[in-house]
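**Q** Spelled out, the chains give:
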Amino acid sequence: MKGKAIVITSGKGGVGKTTTTANLGTALAMLDKKVCLIDADIGLRNLDVVLGLENRIVYDLIDVVEENCRLEQAMIKDKRNPNLFLLPAAQTRDKDAVSEEQMKSLINELKEKMDYILVDSPAGIEQGFRNAIAGVDLGLIVATPEVSSVRDADRIIGLLEAEGLNDPQLLINRLRRDMVGRGDMMNIDDIVEILAIEILGVIPEDENIVISTNKGEPIVLKDKAYSGKAFNNIAKRLEGQDIPLMTIEKESLFNKVKRIVGLS
Amino acid sequence: MSDDKAESRGEGSKNIAKERLQFILVQDRIKLSPQQMEEMKAELLDVIKKYIDVDDNDIEMDISREEEMMAMIANFPLKKRD
Amino acid sequence: METINTKMTAKGVIIDFDWEHNFEAIKNSLKDHFEEAGSFYEGTDLYFKVGTKELELNNFKELFEIAENYLSSETGIYLVGQEDNKERLNSSKESQPKREPIIEEVSFKGDTVLVKGTIRSGQAVEHPHNLVIMGDVNPGAEVKAGGDIIVFGRLMGLVHAGAGGKKDAQVAALRLTPTQIRIANKISRPPEDSNDQIFSPEKAFIKEERIIVEEIDF
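Protein chains in written order, with our numbering: chain A, 1 to 264; chain B, 1001 to 1082; chain C, 2001 to 2218.
Because the hints were derived from the structure by calculation, they are not lab data.
Positions of the beta carbon are idealized from the N, C-alpha and C atoms, including for glycine.
A couple of the hints might just be wrong.
Sample of chain C residues with no beta-carbon within 10 Å of chain A, all distances over it, derived [said to hold, decoys possible]:
1) W2019
2) A2025
3) D2045
4) L2174
On the chain C side, residues computed to face chain A include the following (Cβ under 10 Å) [unchecked claim]:
5) G2122
6) A2124
7) Q2180
One chain only, chain A, in its complex shape (with noise of 0.2 Å):
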């Protein structure tokens, strides 16, 4: 088996790189593929609690590169999908506890047991963030419709590129219907044409994220859920499919009547 490493990074935090590793994750699981997610974040681990794992934790990513356990004891199974695995974050160490070669070398090694890896970075563009593309084959940059968000995702777009990992792909989360509609927030293609990367994906604001954060659980698990269903459509789409974005942004009818009667 060959797998691809896929880091998911911002540069901006709180934007919704961990929300994402978990659910892409557990999407591509339920596709059958044998998914391991890394959560690269060393002394600020969240992905355990995401996926309501943290209490089944022995062994972290810092044990594996110490020797301290095999790489197989440190992965954690999903309690709900056989394929996912999650190697959880050291908590009390700090991020120079590893390196890009080990990193390296770890993504290597799980390459050869899984379908898929999924590093969930931490913000920032210092060491931790270094540590997290070490050895990936493709970036995804999520960001959020919103300045700040934009402009690091630019930053680290650049910063990808010079590390050799072309073409990165945008996710862009939260984006809100109805102020795309009122031309309060920047829609798809705004985001799109500045950013100047492929769009892989659009999760729409969705509060049953909170909700299912809460409960520790993926959204990707609720067949209703519309974020869920943003989760899936890019798992699928990262397995080849063809599947067109989902129409989240269609104009309100009161935006076409204006055009209409020449308003704006």
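Following the hints, position chains B and C against chain A.
**A** Chains B and C only, in chain A's frame:
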């Protein structure tokens, strides 16, 4: 573009966001501060003025990203012959 | 001997209890002593010499509460056992934990360490023998001891008692809602969807190769 302009066109704040971003990103990408931009503009103008007569008041200079590359586009209107 | 005796040392003040007297008398003398002392103990550390006496959980707590009422938060309070004679005390602070938290503490070989304050996410406290924590252990924090671990507060993080393999080690807390409990080589986590509404102190120990949690009867 000013806030008023965008608002008077009956559009929300997203265009302001977009225009601000485009401006910020140009600076981020070429690592040039607004002040340095102004200095460059002035120096370029001096050079051009050595050879041709241009109208100081109507010069436009902009850096934009087109597909795969960034480009600086400058407009130096020539002075009308009297 | 009086109910309590005090001794000044270079490290701080040692308070020696005479357990021949009943606990109420000891408590009252301690209170009176602090009343008289006023601000005398500002900035010095206190060592409660408990000797070989096995104090009950709530007795410990009462003694600390009395002290806390009279002392500023900078004053450290530590427990000293029997084998810690004066020489040991003078050469104290020798076995520091491996990953040092930002929490004040002092260690005595072969004895109990008291840690004051909340242990937060990302902080780790480690000690080769018994550990007493005066405060909460938050989720994401790790507490590890070669012997018993007692938490005067809410235990929500990861706790490992008997880390060197001591199977009769125990974990006790005023509220025991940990992410994970480990005792010696056994690991246990709270059951899924457990809605822990027990507000009384609990203790965890190994019984027939399994970790058992029980309410503590006072």
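**Q** Each hint: holds or not?
**A** Consistency of the hints with the structure:
1. W2019: Its Cβ never comes within 10 Å of chain A, the nearest being 38 Å, so this holds.
2. A2025: Correct as stated: the minimum Cβ-Cβ distance to chain A is 43 Å, above 10 Å.
3. D2045: holds (26 Å)
4. L2174: The assertion about L2174 of chain C holds, with a minimum of 20 Å to chain A.
5. G2122: Given a least distance of 5 Å, the restraint on G2122 of chain C holds.
6. A2124: holds (4 Å)
7. Q2180: holds (5 Å)
In this structure, none of the earlier numbered hints is contradicted; all agree with it.
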